Amino acid sequence: MNDPDARTGPRVELVHLGLAALRALAAGDLAAAREASGLPVTAWLAGPECVGTWRIRAAQVAADPVAAGWVTAVVLDADRRAVVGKAGYHGPPDEAGMVEVGYAVDPACRRRGYARAALEHLLARAAREPGVRTVRASIRPDNLPSRSLVLGYGFAEVGRQWDEEDGWETVYEVAAQPLSEMAARRPSPPGP
Numbered sequence: 001m002n003d004p005d006a007r008t009g010p011r012v013e014l015v016h017l018g019l020a021a022l023r024a025l026a027a028g029d030l031a032a033a034r035e036a037s038g039l040p041v042t043a044w045l046a047g048p049e050c051v052g053t054w055r056i057r058a059a060q061v062a063a064d065p066v067a068a069g070w071v072t073a074v075v076l077d078a079d080r081r082a083v084v085g086k087a088g089y090h091g092p093p094d095e096a097g098m099v100e101v102g103y104a105v106d107p108a109c110r111r112r113g114y115a116r117a118a119l120e121h122l123l124a125r126a127a128r129e130p131g132v133r134t135v136r137a138s139i140r141p142d143n144l145p146s147r148s149l150v151l152g153y154g155f156a157e158v159g160r161q162w163d164e165e166d167g168w169e170t171v172y173e174v175a176a177q178p179l180s181e182m183a184a185r186r187p188s189p190p191g192p
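The numbering of the sequence shown is full-length UniProt numbering, which starts it at 1 and goes up by one.
Honestly, I wouldn't trust all of these hints.
Restraint ranges, calculated between C-beta atoms of paired labels, are given here [unchecked claim]:
(1) D166 <-> D94: 37 to 43 Å
(2) A43 <-> A20: 16 to 22 Å
(3) T8 <-> P107: 20 to 26 Å
(4) E181 <-> E35: 25 to 31 Å
(5) A31 <-> N143: 17 to 23 Å
(6) R140 <-> V51: 16 to 22 Å
These are computed hints drawn from the structure, not numbers from a lab.
Values in this document were obtained by computation on a predicted structure and should not be read as measured data.
Even glycine gets a Cβ: it sits at the ideal position worked out from N, Cα and C.
With the hints as constraints, model all of the structure from the sequences given.
Here is the structure:
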């Protein structure tokens, strides 16, 4: 079978969190995050690598409850029912129809296809949303796995930007389109 939309990696769900869970994660309170979300949230998600994201997202959702369905969610392995990371958009589409994706996988779960599965989930939703025309990803230059991942989906480098948390990032964009169309446009791997 040669279906570009057929998943060969893990099946994931993106579970959006309520404000109480976002605030608990922003405070690094693992027990409260588990209680508020009803999920087996990992210590990594409530740890120093993630709390900055949760602070931003909690403030966003408090100011605009509609953003809750767009911002960073918990990535759940759909078969094992285990929390493996976080992924989502930086917010609803802007006036130009652009959404920016973000994703990160718990170090204990990396190299298993979860980042790819989460990105595919985000790209598929962007393609279904009538107000989305462009998908953006901003990646630190030293994050080669993430760079390789987005390039595999046809993202093109469009510039650089300074991020207060991550420093310089390279900005990539791709038109919102079904995964099957992205697969058709991917460059072929180099020959022998």
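Against the range 25 to 31 Å, how does the distance between the Cβ atoms of E181 and E35 compare: consistent or not?
42 Å, violated
- Query: Quick one: are A43 and A20 within 16 to 22 Å, going by C-beta?
  - Reply: 19 Å, holds
Could you check the hint for me, namely that T8 and P107 are 20 to 26 Å apart, CB to CB? For P107 against T8, whose Cβ atoms are near 23 Å apart, the range 20 to 26 Å holds.
Cβ-Cβ distance between D166 and D94: within 37 to 43 Å?
20 Å, violated
* Cβ-Cβ distance between R140 and V51: within 16 to 22 Å? -> Because 18 Å falls inside the window, the suggested range holds.
Taking the Cβ atom of A31 and the Cβ atom of N143, is their distance within the range 17 to 23 Å? 31 Å, violated
Taken one by one, the earlier hints fail for this structure at numbers 1, 4 and 5, listed in ascending order.
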